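Q: Now for the letters of each chain:
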Amino acid sequence: MSRDSNYDHHISIFSPQGRLYQMEYAFKAASSSSGLTGVAIRGSDSCVVVTQKKVPDRLMDPKSVTHVYSITTKIGVLVTGMFADCRAQIQRARYEAQDFRFKYGYDIPVHVLAKRIADIAQVYTQSASMRPLATVCLIIGVDDERGPQVFKVDCAGHYLPFFAAASGAKEQEAVNFLEKKVDDMKEYSFDQTVRAAIMCLGTVLGSDFRGTEIEVATVQGKNGTFTVMTEDDIEAHLNAIADDADA
Amino acid sequence: MGDSAYSFSLTTFSRTGKLLQIEYALNAVANGRTSLGICAADGVVIATDKKLSSTLVDTDQVCKVEKITKGSGFVYSGVGPDYRVLVRKARKSSQAYYRQYMEDKPVSQLVKTTAGVMQEYTQSGGVRPFGVSLLVAGVDGDGTPRLYQVDPSGAYFGWKATAIGKNYVNAKNFLEKRYQDDMELEDAIHTALLTLREGFEGEMTNKNIEVGVVSKSDGEFRLLSPEQIQDYLDEAN
Chain A
11 MSRDSNYDHH ISIFSPQGRL YQMEYAFKAA SSSSGLTGVA IRGSDSCVVV
61 TQKKVPDRLM DPKSVTHVYS ITTKIGVLVT GMFADCRAQI QRARYEAQDF
111 RFKYGYDIPV HVLAKRIADI AQVYTQSASM RPLATVCLII GVDDERGPQV
161 FKVDCAGHYL PFFAAASGAK EQEAVNFLEK KVDDMKEYSF DQTVRAAIMC
211 LGTVLGSDFR GTEIEVATVQ GKNGTFTVMT EDDIEAHLNA IADDADA
Chain B
11 MGDSAYSFSL TTFSRTGKLL QIEYALNAVA NGRTSLGICA ADGVVIATDK
61 KLSSTLVDTD QVCKVEKITK GSGFVYSGVG PDYRVLVRKA RKSSQAYYRQ
111 YMEDKPVSQL VKTTAGVMQE YTQSGGVRPF GVSLLVAGVD GDGTPRLYQV
161 DPSGAYFGWK ATAIGKNYVN AKNFLEKRYQ DDMELEDAIH TALLTLREGF
211 EGEMTNKNIE VGVVSKSDGE FRLLSPEQIQ DYLDEAN
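Protein chains in written order, with the working numbering: chain A, 11 to 257; chain B, 11 to 247.
To be clear, the hints were calculated from the coordinates, so they are not data collected in a lab.
Predicted, not measured: the structure shown is a model, and the values here were computed from it.
In this text, a Cβ means the ideal position worked out from N, Cα and C, and glycines have one as well.
Check before you lean on any hint, since a few could be wrong.
To be verified - 27 Å max Cα-Cα, derived BS3-like pairs, lysine-lysine: (1) B:K217 to B:K182; (2) A:K196 to B:K102; (3) B:K176 to B:K60; (4) B:K170 to B:K80; (5) B:K187 to A:K113; (6) B:K102 to A:K113; (7) A:K125 to A:K113; (8) B:K182 to B:K28; (9) B:K80 to B:K226; (10) B:K99 to B:K122; (11) A:K125 to B:K187; (12) B:K102 to A:K125; (13) B:K102 to B:K77; (14) A:K125 to B:K60; (15) A:K191 to B:K217; (16) B:K60 to A:K196; (17) A:K190 to B:K80; (18) B:K60 to B:K170; (19) B:K187 to B:K170; (20) B:K80 to A:K125.
To be verified - Computed from the model, here is a short list of chain B residues facing chain A with C-beta under 10 Å: (21) A35; (22) V39; (23) L62; (24) D70; (25) V72; (26) V95; (27) Q133; (28) V137; (29) F140; (30) G141.
In isolation and in its complexed conformation, chain A is listed as follows:
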């Protein structure tokens, strides 16, 4: 009995209150370990993910430091959390997407991929032999039937469709910012979506950026591909935001 009350901190079993401690600790690890904040917004025909680009050491090759990955040509993910877990989850997501394509002959829809990743994450919360992955994924893509989609998949295997979502260290502040704008977002053009996401990150972190300090990735339109924005394009958007602020 006394073994039980401590055991629930070690593996995925219920605590007396009905909570899963391992899952809660995984959440903590996911939000605090990388120190990054991620924001995703869904506009009228496109979606955007934004996060900071923190290169920890000047000797590191900046091109290799990224938290934004494509899963297929049309679906991309922003993962925050423990980096190795992120990589493992991305690999699995890519495999699942290709397996779907092979089996069924068409590209995996965003919501199906999100559900699959979430279901895999759930297994780790129920099996004793594997710990949950300390990651939170923001998945974006444009679906043929449903339009632009943003899904958030967390350590517990929850997955929900969002108009706008945030993850990571400053998640709550970002959510507060986004909630104020959610009604307008459905009409946002591509540029508006990008700028809203960048502004959200800027407000939450309380600083201005240069093009080299943030990563922006987008999917624009039904035929759009998942594209990581170049530094020049990011600078252009930052300048436009600054101009609007001055005007």
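Position chain B relative to chain A; hints supplied.
A: Same frame as chain A, now just chain B:
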């Protein structure tokens, strides 16, 4: 399921003879959003509170009430990700049944299979019980409407009306007062909405609840559309 690294069950008897993991799982269910069901003379209704953590969530695409076979559906209270596993297993077993017998799997069979799965997870090595209670609504092959509740232990019972999740005690008392054996489906839907509203935090709208209905007349389980829910809510006011 059942990892070789953990060939022993995590759900073991305490000194007093209790299976604590199951009791804790029931606590997890009691923390979940309220769901309820009413079995009327000519149909069954199940409903749930779909209130989500933020206005940023696209509630139109979130589905808690799920159709399993033509004539049956599930709703839950508790841990959402665990529920999805049970829905998938239930749908797969229903398809396997159809493939073998060319007939829809009856609700009573569906409940037996699902409850069996939940029980396995309380006894197998290396896994924990499911943190959900299910309400299963359906019309059996002989046309009788049925409502079942399945608990994390795998125990299941048929109910005339029941509630699970937060506030279930008050909801059940409310249902006991209002239930009548000869109730019709329309009355049942009304009563279900009234009961849900009793314990609802904030304003209940057609967007933050889900209602599933199966009627004896056509034996088809369907979700009420937001417009239909709005009609019922207007009548209730």
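Q: Hints first: check each against the structure and report whether it holds.
A: Do the hints match the structure? See the list:
Using a Cα cut-off of 27 Å, the hinted pair K217 of chain B and K182 of chain B holds, with the two alpha carbons roughly 24 Å apart. With a C-alpha separation of about 37 Å, the suggested pairing of K196 of chain A with K102 of chain B is violated against the 27 Å cut-off. Between K176 of chain B and K60 of chain B, the direct Cα distance comes to roughly 13 Å. Compliance with the 27 Å bound is thereby established for this hinted pair. Between the alpha carbons of K170 of chain B and K80 of chain B the distance comes to roughly 21 Å, so the proposed pair stays at or under 27 Å and holds.
Restraint check for K187 of chain B and K113 of chain A: the C-alpha separation of about 53 Å exceeds 27 Å, so the hint is violated. A hinted pair counts as satisfied when its Cα atoms are at most 27 Å apart, and K102 of chain B with K113 of chain A qualifies at roughly 18 Å. For the hint pairing K125 of chain A with K113 of chain A, the CA-to-CA distance comes to about 17 Å; that is within 27 Å, so the pair holds. A distance of roughly 26 Å separates the Cα atoms of K182 of chain B and K28 of chain B; the hinted pair therefore holds under the 27 Å criterion.
With a C-alpha separation of about 12 Å, the suggested pair K80 of chain B and K226 of chain B falls inside the 27 Å cut-off, and the hint holds. Annotation: proposed proximity of K99 of chain B to K122 of chain B holds, straight-line Cα distance about 12 Å (limit 27 Å). Restraint check for K125 of chain A and K187 of chain B: the C-alpha separation of about 41 Å exceeds 27 Å, so the hint is violated. Using a Cα cut-off of 27 Å, the hinted pair K102 of chain B and K125 of chain A holds, with the two alpha carbons roughly 17 Å apart.
Taking the CA atoms of K102 of chain B and K77 of chain B, the gap is about 12 Å. The hint holds against a cut of 27 Å. A hinted pair counts as satisfied when its Cα atoms are at most 27 Å apart, and K125 of chain A with K60 of chain B qualifies at roughly 18 Å. The straight-line distance between the Cα atoms of K191 of chain A and K217 of chain B is roughly 20 Å, inside the 27 Å bound, and the hint therefore holds. Between the alpha carbons of K60 of chain B and K196 of chain A the distance comes to roughly 22 Å, so the proposed pair stays at or under 27 Å and holds.
Between K190 of chain A and K80 of chain B the CA atoms are separated by roughly 42 Å; this puts the pair beyond 27 Å, and the hint is violated. Of the pairs offered as hints, the one joining K60 of chain B and K170 of chain B holds, with about 23 Å between alpha carbons and a cut-off of 27 Å not exceeded. Restraint check for K187 of chain B and K170 of chain B: satisfied, since their Cα atoms lie roughly 12 Å apart, inside the 27 Å limit. A distance of roughly 23 Å separates the Cα atoms of K80 of chain B and K125 of chain A; the hinted pair therefore holds under the 27 Å criterion.
Taking 10 Å as the C-beta contact cut-off toward chain A, the hint placing A35 of chain B at the interface holds, the least distance being around 5 Å. Annotation: interface hint on V39 of chain B holds; nearest CB of chain A at approximately 7 Å, less than 10 Å. Hint status for L62 of chain B relative to chain A: holds, with the closest Cβ pair at about 7 Å, below 10 Å. Because the beta carbon of D70 of chain B sits about 8 Å from the nearest beta carbon in chain A, less than 10 Å, this interface hint is met.
Taken as an interface hint, V72 of chain B checks out: its beta carbon lies about 6 Å from the nearest beta carbon of chain A, inside 10 Å. Contact between V95 of chain B and chain A, as hinted, is supported at the beta carbon level, the nearest pair being about 6 Å apart and thus within 10 Å. Annotation: Q133 of chain B was flagged as interfacial toward chain A, and the flag is violated, the nearest CB pair being 14 Å apart, outside 10 Å. The restraint placing V137 of chain B at the interface with chain A holds, with a minimum CB-CB distance near 6 Å, inside the 10 Å limit.
The interface hint given for F140 of chain B holds, since its Cβ lies 8 Å from the closest Cβ of chain A, which is under the 10 Å cut-off. The closest approach between the C-beta of G141 of chain B and any C-beta of chain A is roughly 7 Å, which is under the 10 Å cut-off, so the hint is satisfied.
Going through the hint list in order, the structure does not satisfy hints 2, 5, 11, 17 and 27.
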